[in-house]
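Undergrad: Next come the chains, spelled out residue by residue.
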Amino acid sequence: MNILVCIKQVPSSNNVEVDPETGVLKREGASAKLNPYDLFAIETALELAERYGGRVTTLTMGPNQAAKALEETLAMGAEEAYLLSDRRFAGADVLATSHTLAEGIRMAGNFDLILTGKQTTDGDTAQVGPEIAEHLGIPHAANVEAVLALDGEGITVRMQLETVLQTQHMPLPALLSMDKDVNTPRLPSYLRRKAFDPSKLHVLSRDDFADQSERRYGLAGSPTQVERIFPPEGNTEQTIYEGTSDELADRLYTLLRTRKFI
Amino acid sequence: MSYQKVNERHLDYFKSFLPADRLFYGDAISEDYSHDELVGEKMMPELLIRVTSTEEISRVLAYANAERIPVTTRGSGTGLVGGALPVMGGILLETTLMNRILDCDEEDFTVTVQPGVLLMDLQQYASDRGYMYPPDPGEKTGTIGGNISTNAGGMRAVKYGVTRDYVRSLTVVLPDGRVETFSGKVVKNSTGYSLKDLIIGSEGTLAVVAEAVLKLVPQPACTVSLLIPFADIDSALRCVPELIRSGTGPTAIEFMTRNVILFTEEYLGSRFPDKNHDAYLLLTYDGNSAEAVEANWTRAADLCIEMGAVDALIVDTEERQSVVWTARGAFLEAIKGSTTEMDECDVVLPRTRVAEYIRFTHELEREYDIRLPSFGHAGDGNLHIYLCRDGMDDASWAERKETVFGRMYTRAFEMGGLVSGEHGVGFAKRRYMLERLGEDQLALMRGIKRVFDPNNILNPNKVCEVD
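Protein chains in written order, with the working numbering: chain A, 1 to 262; chain B, 1 to 467.
This is chain B alone, in the form it adopts within the complex (with noise of 0.2 Å):
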């Protein structure tokens, strides 16, 4: 496939109806557009567009498309895989002051937000007015365009489920400029193909979002959860299936360790309530009376400590709340923080596996004398684990990322698990993505994308390439 670089007539016909502060072209864009959190790779657009809205979008994409431009849509760049770099250069269509929630839908319990509204500015804004927006991944600044993009899944998957569970309906612009709703405010549909579920984790390959209908549910009275001890990783993660089998219902089930802990206090800078232990389970949950929510954390923290654990820590008030979550939602950046480099491997197992899987990263760690810290939502399987640069040399980091990653995924394959859980696969991790789902699979993504975007001009090189 070849692109047009863009020019100066092209330049010319988006000053035509974009305002110069809105557009940026070559030295003009800042270097922060180059790069995501965490890919290690920089690479620039050559236009960096400021959209307002989904007209501006659909112009913008018109164009592009006639003009053989690729696009690359990106929001608050909090993505993990690169899904938001602009890998064959073209335009950067950057959403983030398409910012505004429109309206709030009290009778079908639905938001309907623009693109570049903050994950954090629409989780207050449910709550202000009673509802719950249940989706809540570590990263609040991430926008929501970014969240559908990726199915983002977050802390509170294991009951409410993830970004997919909670999208009504999307108006996208397809590629050639179209503007299309997928679905509605509706509960069900049976009706045909369901495109609103394709475009959800495309990550920007197939059309760009420009709103979204959001379900909100009401905001739960109350909330507890529990911070459990135990001696290690893997009396904790034992755990897990029985808490799943327990029909307390907890909205999350994450792990951390005391190493990551310790990590969080330097680079937050304050200290954990408690380190004293090599492993922890964080539960939470929540409903609509105290006594209901009562009976069942206090069942499965009995439940935890016959099968092992020290203690069970409460974690009842907003600011008890605030100390533990704080510190659970930092773990990535203080991870990033003790290390001089680092790449991760987002895999997704089935949940009784993941005792064996961690235990097994523990065995690759000795193996290649590399840091592996990891963290994640036990309650659904979905691990993040870190691969620690430290002190390598660049050729000894590029090939023991090369080997560890290779023996992380196959292991994972093994299990029966996949690539990723919710950061997506971008380019980052596309070939991990083929070894997992093989040709015919990918034959139906590639045939797909060619439908919505016949010119390639979308993300492209990013989840599958086209010919």
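For reference, chain A alone in the conformation it holds in the complex (with noise of 0.2 Å):
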């Protein structure tokens, strides 16, 4: 069984700044993490991994320092890292970011399995782990929280939906976007992380992928654009209605509207 999983390195605070003139997220100063999401998947990963047999890759879109949240992925119990890392792909959608990753992923190797976090703590969108299933051209299932079984005929998921715990199989290669909380993520070793081997850590750029298109990476591959990241206003205002539910219901409705939340 070969697992890759895709990482992200996010800020170490989850009360990062947001730049009022520019409304960009502060990053310089702050000290960098692995996206804590990401760490159900690489545990998920590991344990499919010793109970299957198999190894375990990561793999990420960053700048150099990104490099250090692999080498966390490696003494956690990962076997190799790879890291894309070029300025063309700076200012990429998740469009753009999906579309890097699955290059990448292509030129990593051949997965069984895929897995991503559900999201990440400074993008929050959640939408590059199944976007890369697409690219790729693999089912994939969302909000996972649990991997039922797995063997040659594929696997089969629990995924936690809004009002539903669905039951998914799927032929492999697949990829699952794990849920937060499905299981404690083990802690990186000291001894692998003094154990770390340089040449378990791969960098690929642009010129290594197969699709050379320059309108698929970066800006040039991003059709939506942040205008504007603020952070929301804070609010202490507090009213209490009484009633059945229905009446709560209807007024919470009215209000909700009044204020254009929906």
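Please keep in mind that the hints were generated in silico from the structure rather than gathered at the bench.
We put the beta carbon where it would ideally sit given N, CA and C, even for glycine.
Some hints here could point you the wrong way.
To be verified - Distance condition first, Cα-Cα at most 30 Å in a straight line; then the derived DSSO-like pairs of lysine-lysine:
| no. | chain 1 | residue 1 | chain 2 | residue 2 |
| --- | --- | --- | --- | --- |
| 1 | A | K180 | B | K275 |
| 2 | A | K194 | B | K215 |
| 3 | B | K140 | B | K185 |
| 4 | A | K180 | B | K140 |
| 5 | A | K194 | B | K275 |
| 6 | B | K275 | A | K68 |
| 7 | B | K215 | B | K159 |
| 8 | B | K140 | B | K15 |
| 9 | B | K159 | B | K42 |
| 10 | B | K215 | A | K200 |
| 11 | B | K15 | B | K42 |
| 12 | A | K194 | A | K180 |
| 13 | B | K15 | B | K185 |
| 14 | B | K275 | B | K159 |
Said to hold, decoys possible - Which chain B residues stay away from chain A? Per the calculated CB distances, all over 10 Å, these:
| no. | residue |
| --- | --- |
| 15 | P241 |
| 16 | D274 |
| 17 | E365 |
Two chains, two frames, a set of hints: combine them into the complex.
TA: And the structure:
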């Protein structure tokens, strides 16, 4: 079983400031960490590899510093890591990001299973995982809370959807976006960290990819642009309504309508 | 010493200045007030008063003193030795409504609090402002008043010390109602006997703490913990003196065993990141630069591995720290959940004797067929050992508890240890304190008690008895 986990390096504090002038997240100076959601995917991958035999590879797109996050996955138990790093990847939206990751995955090897976290703590879109699968033309499941079976026939997973639990069977290769808190991620090992072998960390740029089309990467490959990022307005106003659940639902609906939340 | 029972006349007096919703008499008092977190006995007060100000405390005490009614002060009732149990009935003075943080002095690095402020609220308050209140007992819902009364220690004591080291001054109400402030917002003090320090750890027997000025320190910018697995508890504990000698300056050195981790998983309903090994040390390093902190923890990790650790697992992010330390904070409750009834031993030993002592408790487990799970602060020699009743009937539980406690304290004393490292003496551990300290020292304590509380109305029959 060859498993790949896509990960991302994110700011280490969950309270990253937004530059009020430019609307950009102030990443400079803020220390970085592995996206907490990805830890559940890494743990799932390592448990599956232990149970069914196989190896775990990790991959990310980012600047050179993102190698730190990959080294951490090696300390947790991954055997190889790929960093997709190229100035021409900068400014990518979810479409260009997922395309870049899909191209990188093609170069990194043949994987039976690709795992991602549900979302990242800085982007929060939860779109990149499923989009990678679309680029690769493989089936995918999101909000996966458990892998129920895995064999030559394919994989059976349980997904935690908004109102139902859905069990889904898919042929391999497949991509799973793991839900949060589905396991307790193992801690990075100091001994593995000390034994880090740089030859296990590969750096790829656009020149290594099959698709050389400039229009598919970075800003040029991004049909969506972020106009502005701003922190939500703080509000401590409190109103308490009393009544039957129907009355309360009506009042709440009217309130949300008038405030243009729905 | 003879006391008066609370009667209608007394009640009328209290009603004259206290509202009905803060006065509870007889059957109106909830059973919750009859016990703490551990001591098996239940004891009801005759009157429960929920105070809201220093002045109210003063009026209640002055009256109770004149009328010879015993008064026991209670915070949130998280004690483990019966310190807040009204053993002589009387008035239970509950302070949890006095839960305001009155002032944060960012020039003198102090915070002024009322006694009912919860430790977790104070820690959050300090951290929101870039400061840290270092004392860190596992029980975060205890009140600061309770922490002061037991001189609570906790997990950061190795580097930062205990509650006593963070109390700058105390405003207390004496049994006759006088209000006095001991010490001040000063760093040093050689002005006579330290009355402030007499109050700290006196378990409500000398005066009632009405306000405290506590010291804060700047919040360290970087904190990393290490979870270090070992094949057995002996190899784990052998590292502790070396770690202290290493000069790496750990904030915490905790030890835990696999069975306690398994109880905790069961209790919390969530998995611990590693439980493949029999014993673990949990170390913490903090500081202002990530590089300096890393230099220290890697040195500690190397040292432990040289001494036989299987690995060192890195606990370096908020999420990882929360998983590991939440579990650590739940150990007591988890062990409690694993048995029908339990009692505890909170001995403190010279740090070098901890491994030997834990080995001794394992011998006791075999000899008396009793479960004695333990965990604790290896870095300061303070152990928490729990006697689990499991399936024992009343008679054998009472008998075995008596024998095992006796053996445990005797051995601790032979090693130069003391009865309590941080939970206090209350009434549950008094006889062991007498055994350890002897009549002469007890006589000195009684003398102090007499000076503060000549009528013996404050928390009678706790710590030391006065005739």
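Undergrad: Look at each hint and say if it fits the structure.
TA: Structure-based check of all given hints:
| no. | hint | result |
| --- | --- | --- |
| 1 | K180/A - K275/B | 21 Å, holds |
| 2 | K194/A - K215/B | 40 Å, violated |
| 3 | K140/B - K185/B | 25 Å, holds |
| 4 | K180/A - K140/B | 27 Å, holds |
| 5 | K194/A - K275/B | 22 Å, holds |
| 6 | K275/B - K68/A | 27 Å, holds |
| 7 | K215/B - K159/B | 15 Å, holds |
| 8 | K140/B - K15/B | 34 Å, violated |
| 9 | K159/B - K42/B | 38 Å, violated |
| 10 | K215/B - K200/A | 49 Å, violated |
| 11 | K15/B - K42/B | 27 Å, holds |
| 12 | K194/A - K180/A | 29 Å, holds |
| 13 | K15/B - K185/B | 37 Å, violated |
| 14 | K275/B - K159/B | 27 Å, holds |
| 15 | P241 | 21 Å, holds |
| 16 | D274 | 7 Å, violated |
| 17 | E365 | 29 Å, holds |
Of the hints listed earlier, those the structure fails to meet are numbers 2, 8, 9, 10, 13 and 16, in rising order.
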